[in-house]
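Those protein sequences? They're chains A and V, same order as listed. Counting from 1, position 73 in the first sequence corresponds to residue 73 in the working numbering; the numbering is continuous, with no gaps. Counting from 1, position 31 in the second sequence corresponds to residue 31 in the working numbering; the numbering is continuous, with no gaps.
Quick caveat, the hints were computed from the structure, so don't treat them as lab data. Each residue gets a CB set at the ideal place from its N, CA and C atoms; glycine is no exception. Heads up, a few of these hints could be off.
What the hints assert, rightly or not - Part of the chain V face toward chain A, derived, beta carbon under 8 angstroms:
hint	residue
1	TRP87
2	VAL134
3	GLY160
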Amino acid sequence: MMNDLQAVETALAGLSAPAAPRLADRIFGSWLAAPSRLGEVFVAFTGDGVQFLRSAESVGDDAGAFAEAYRDRFGRPLRQVDRAPAGLLTALCGTPAASLRLDLRGLSDFERDVLTATRRIPAGQTRPYGWIAREAGRPRAVRAVGSVLGRNPVPLLIPCHRVVRADGRLGDYMFGPAHKAELLRAEQVKTEELTAPATIAAQRIQRAQRGNRCVDNPAEPAECG
Amino acid sequence: MALPMTPEGPRNQGTGEKLQQALLADLDSGFADVVHAYEPVLYAVALRLSRRPADAEDLSAEAFLHAYRALRGYDAERISALALRPWLLTILRNITRNAARDAARRPDPPPAFEPAEQLTTAPSVEQQVEQRDVARELGAVLAALPEIQRTAVVLRHVIGLPTSEVAEVLGCPDGTAKSHIWRGLRRLRALLTEQPDTSLLTSERTVR
């Protein structure tokens, strides 16, 4: 019979200490800068996949602004790393990689459905916003599709630039319509298949783009080879 | 004590302060230091508070994320005034309680008190078996305590926190914390002596 609580205390204190797992890997997002078809991009990812991508140009070439946007959106701290997740670098240069995983946690079902449908559009093709709305199961939510794509966490990797307006105009793009036209041209989208206003828009954009070193200078290190 | 890795032990009072300075200088890299300093304690507590050891990693990672999100909204004055360890443990306790509440609404998980122990020294096989048995037994009876007593006992006697810090985590006066610890110990003793095959309290063996 044990009358002393001391033995219980001793046993509790003797519970051996297990090695703690490396929690940082599950708490911190990782980020790096990488070359892409849009010039340099900043990319953040977790162990589950790529979470967030923005062009350097869109954040004023400021990695700090990118990190702050990430923290606001995902509520995680960030640390810079050297190693890109599997498939990322080739995907950024336009070659889809089966090994590339995306971390789309925290999105609504509708957002995820919109992005999943968008991800299925092959290079060289476009789809209207209404098609995405139907694929996502909400055929009347055409405007909502536009807002979801405008907040696409991983543009390029989920090719929201391939979603165009039903009247053939290109529609908006988070990095600007000029970049949308440029990406589509690079994917050999036949501009004659788009209606006249879109062609005109594309040509206007093309003219505006001339002299843009990100597009025209193949030696730019942030560009894909 | 079982866990000598608590940075705010009497011999290194300055650690918490250094971490606060690091947080103020750069929240993200400072937070990496905070995680590094406190993950052993948070994980060890989570392991003893959660019914399933497999959840301990999730719970402690979740606690750190909550802490980070809170810190983003704190000004320098508030960060400087934080007692990091009890603050983090309070967050962990709330998350663990919420998780237990959610789990209670779902079907029972498979019973699991598998030892997640990885001994740092190299004891004999016999000692290892014995320690595993003790850990399993204690894990099982700890789970049978009311939450507040379990938390009090784990913080005081497994982790070795001073009673004042236990009180801070429980959000009660020191005297009340002492009473939770004492009642928890008595209940543990009762539960252990009830067990038919207990090697813990019926023999003279001490567990070290």
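query = Failing hints, ascending?
reply = When the structure is compared with the hints, only number 1 turns out to be violated.
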